[in-house]
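K.L.:
Starting from the known structure of chain A, arrange chain B on it as the hints suggest.
Number of protein chains: 2
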Amino acid sequence: MLSTAKTPGDKVFAFVKRYLHGKSALTKDIYDVKRENFNKLQNHHVQFFKDLLGDRTITDLHELEKYNQEWMRCVRGYSALALKPKTTGEVSEILKYCNDSNLAVCPHGGNTGLVGGAVPVFDEIVLSAELMNDIIHLDANSGVLVCQAGCVLENLDAIVAEAGLMVPIDLASKGSCHIGGNVATNAGGLKLLRYGNLHGNVLGLEVVKADGTIIDCLSTLKKDNTGFHLKHLFIGSEGTLGFITKVALQCPTRPKSVNVAFLGLNNFDKVLKTFKEAKHDLGEILSAFEVMDTATIEFMKEKLDISSPIGKYPFYLVIETSGSREEHDAEKLNFFLQSCLEQNIVSDGIMATETHKVNAIWSIRERVPDGFRKCGHLFCYDISLPLENYYLLVEDMTKHMGNMAIRVFGLGHMGDSNLHIQIEVEEFSRDLKNYIEPYIFQRTKQLKGSISAEHGMGFLKAKYLDFARPSSNVQMMKDLKRILDPKGIMNPYKVFPW
Amino acid sequence: MLSTAKTPGDKVFAFVKRYLHGKSALTKDIYDVKRENFNKLQNHHVQFFKDLLGDRTITDLHELEKYNQEWMRCVRGYSALALKPKTTGEVSEILKYCNDSNLAVCPHGGNTGLVGGAVPVFDEIVLSAELMNDIIHLDANSGVLVCQAGCVLENLDAIVAEAGLMVPIDLASKGSCHIGGNVATNAGGLKLLRYGNLHGNVLGLEVVKADGTIIDCLSTLKKDNTGFHLKHLFIGSEGTLGFITKVALQCPTRPKSVNVAFLGLNNFDKVLKTFKEAKHDLGEILSAFEVMDTATIEFMKEKLDISSPIGKYPFYLVIETSGSREEHDAEKLNFFLQSCLEQNIVSDGIMATETHKVNAIWSIRERVPDGFRKCGHLFCYDISLPLENYYLLVEDMTKHMGNMAIRVFGLGHMGDSNLHIQIEVEEFSRDLKNYIEPYIFQRTKQLKGSISAEHGMGFLKAKYLDFARPSSNVQMMKDLKRILDPKGIMNPYKVFPW
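From first to last, the protein sequence lines are chains A and B.
For the first sequence, the UniProt record's numbering begins at 1 and goes up steadily by one.
For the second sequence, the UniProt record's numbering begins at 1 and goes up steadily by one.
Just chain A, same shape as in the assembly:
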């Protein structure tokens, strides 16, 4: 049985969640994590970096705050040094020095990863990519963009848009996330359904290993079968195998027509049928298929006063099409909607073709995270599940929580089998957390899902690695880590259990 008594740790956690009112507690004081035997930063170390980078060596405590604190304020380190290199050469010198001096390093991109992967846990030196934001080359013919890793995703999209292209990834955090961070975490997002994942879209990478060696896999070719495909090892390794310095990206043609539909449905079986219909009728123009349950919409009404533009239904869908011919796309979407209504799969819906209306519909889905900040506490999980089991987990967790939760709600990139499940409670307690985890992960495993669909393991999920992966698989990961980073200086306490 769950104990409702509060432990001393709960006070710390309660403090953590009050991120709007000040700094959160240090991660080391909350979690049972032990600092590994890295050297502590000394003045002569700092002097080396000052000689190398000048005023791009950050030691001011106030300025260091943004590097130490995770965006959701759930992880906080106390690094006394952040470095802002501009070139691959500088990154190489920094890492070589850190490796030789046994100093731990925390790669830092846009700090939008949500699992504490991009901030230090203790006093790791922060290595920020923020000044590595040069566009190196854009080939409009082949759609190949080469840039430094610190470029902000939205900026890249604006640049390639001028050549009639788009970046093949779209995230709610596009205004601040870095392309290098996207690659390091194998970020997914809203349009993976249409444009595929980063393993398919990243043509090349330049990476600096822990010892400062520059690994040049910066191919700009769609086909290049000369030896092992090394770049993929760094995609999704969350900065634990190397620091990504440059990215070559395949950019597809920018669609000329974008339409969105917002639909209401009476049960999840109908949601599944609608997905099948959408793939059939919309085929090549289907670019997003997002689901929200009725509890999500209630949550949005309560926290942000955003209402559904249609009546109340157990499930809602946001379906987007992107294509090259407006009239063809509208015809396909109309046919699809008509067919769904006639078959009584979809109960009601609206459709938008004008940009501001499209954006208005999308905002119902995209502003969900804004509501999070207005909660007592929200336990958030990022799960993949086979479609036939997709909503079972929400039903299961609702039952599991009983009246211990205000509400349990599910939404997500259903087109990619990706479910974001949220458990809203009055207040955080460690017992509550223990009641939810690992139960939710065990159920996910039973339902043949993944406990991290797109956010990665970071710090927060790292201790579940052995649970998520077969042992031979984890052993191979350890072998690779040992080869690429023998001293373990790259992003310690992340991905691997601490």
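Just so you know, these hints were derived from the structure itself, not from any lab.
Some clues are possibly wrong.
Same chains, same names: a pair is fine if it fits in one copy or spans any two.
[Stated by the list, open to error] Here are the computed lysine to aspartate or glutamate pairs in the EDC-like style, where the Cα-Cα straight-line distance is at most 16 Å:
hint, residue 1, residue 2
1, Lys34, Asp123
2, Lys448, Asp139
3, Lys50, Asp139
4, Lys256, Glu326
5, Lys50, Asp60
6, Lys481, Glu331
7, Lys445, Asp216
8, Lys276, Asp139
9, Lys448, Asp216
10, Lys445, Glu342
11, Lys301, Glu326
12, Lys273, Asp139
13, Lys276, Glu162
14, Lys96, Asp32
15, Lys357, Asp139
16, Lys256, Glu277
P.N.:
For chain B alone, coordinates are given in the frame of chain A:
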């Protein structure tokens, strides 16, 4: 200057090319390659395998021929043993035994790789996937297919077609290549332009390492960010890091409408412009963009009596569209063709929508390899080049060869920057080969291309690895090989220089 005198080795080579009339010479007698210090096969080894596999242990010399000889007959080993496991467990036991006994192993799929990667160079034990051809699961909702590695590509496509899906890869050799071999060599093919590469489409793999350890990365989820993305290390590693036993594949919706156009153009600049127009006008329905030069068409006329259905032009294009609505696709393609003709980019063309006509146009492109067998000798190269340099290499090689070649011709998957360049000569000579190589690879490198776009390094290109890759990159490959296959038993003499 090139010497035209023949060396003794030339006689051997001349014999090699007469593959239609008998066995080719042994690779060990032609190339300066030395057998590594593996154990030689003994009776008690064979007995172990007979006990394990029964009559799936092949020792009959006649039967062994097909495993020893490369499809193009350019590489030939003399293995005395081929094994045909049916299960992952059997593969694991075989590899564990081979590793313990220091016996080299050559993984063997459909033997269609063209660079000698799938046949033994000396006496390596052949490990064939041909009996590992079970379909394990097909989820029509999510489009996920899970199967054993020895399934033939065309068979898989027929099976998923029943569920309205298609396999996301299409090759001329689809009737005999295995999906495991496709994955092991990161095969590209005709429709990569539309459906992306295997790194994007393979959801999961099961692989057996050299020591028999089974690595289970057989995820069936599109998003799974729990730890390193190990499967990608095996994609394109050509059987040197492990033996792929199972594959989970993302299958897209099968198009309901396929159209093809065959166009004539007056110069390569217009070919480039047409590609840009095609991406713009055809957008999401563009599924293939193939180029052939006039020498290719002359070659086809001479060898196979296949003529262009339009007049004579310096360049020809085969453009395919695949979509979900016949009338929309036809309208887009008509608009595109009209626009190209009006702008005088394209000089002439025909279009086909009926299946038999579509196939007839495709056969002009797809039967090119059949012509190869009717040549004196053909030096074939599989190159990637940035589009602005795409055809320069053909012009350059034409000049380089002068009257030493009958003709030099270029064709390929231009939509993916992939050029197949062929040099037709009267007769093979080693001097001629030395005159062409490494010159052609040097020029490819100068033009920022890749010396192996889709065929891989296999045996034939392995010695150019150091040329194709930066040294830090090759070092990392060696580190990975050492970790995954410390004794080097997996496909020796392949990928790495011998």
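K.L.:
If a hint holds in the structure, say so; if it does not, say that too.
P.N.:
Hint check results:
1. Lys34 <-> Asp123: Answer is within: at 12 Å inside a copy they meet the 16 Å cutoff, but 53 Å across does not.
2. Lys448 <-> Asp139: Cα proximity of lysine 448 and aspartate 139: across copies only (13 Å, versus 42 Å in one copy).
3. Lys50 <-> Asp139: neither (37 Å within a copy, 57 Å between copies)
4. Lys256 <-> Glu326: within (7 Å within a copy, 20 Å between copies)
5. Lys50 <-> Asp60: Classified as within; 13 Å inside a copy, 71 Å across copies.
6. Lys481 <-> Glu331: neither (52 Å within a copy, 53 Å between copies)
7. Lys445 <-> Asp216: between (37 Å within a copy, 15 Å between copies)
8. Lys276 <-> Asp139: Between copies, since 12 Å is at most 16 Å while 37 Å is not.
9. Lys448 <-> Asp216: Answer is between; shortest inter-copy Cα gap is 14 Å, intra-copy 37 Å.
10. Lys445 <-> Glu342: neither (38 Å within a copy, 59 Å between copies)
11. Lys301 <-> Glu326: neither (33 Å within a copy, 43 Å between copies)
12. Lys273 <-> Asp139: between (41 Å within a copy, 14 Å between copies)
13. Lys276 <-> Glu162: between (35 Å within a copy, 15 Å between copies)
14. Lys96 <-> Asp32: Neither way: lysine 96 and aspartate 32 sit 30 Å apart in one copy and 40 Å across, limit 16 Å.
15. Lys357 <-> Asp139: For lysine 357 and aspartate 139, neither the intra-copy (33 Å) nor the inter-copy (35 Å) Cα distance is at most 16 Å.
16. Lys256 <-> Glu277: between (23 Å within a copy, 14 Å between copies)
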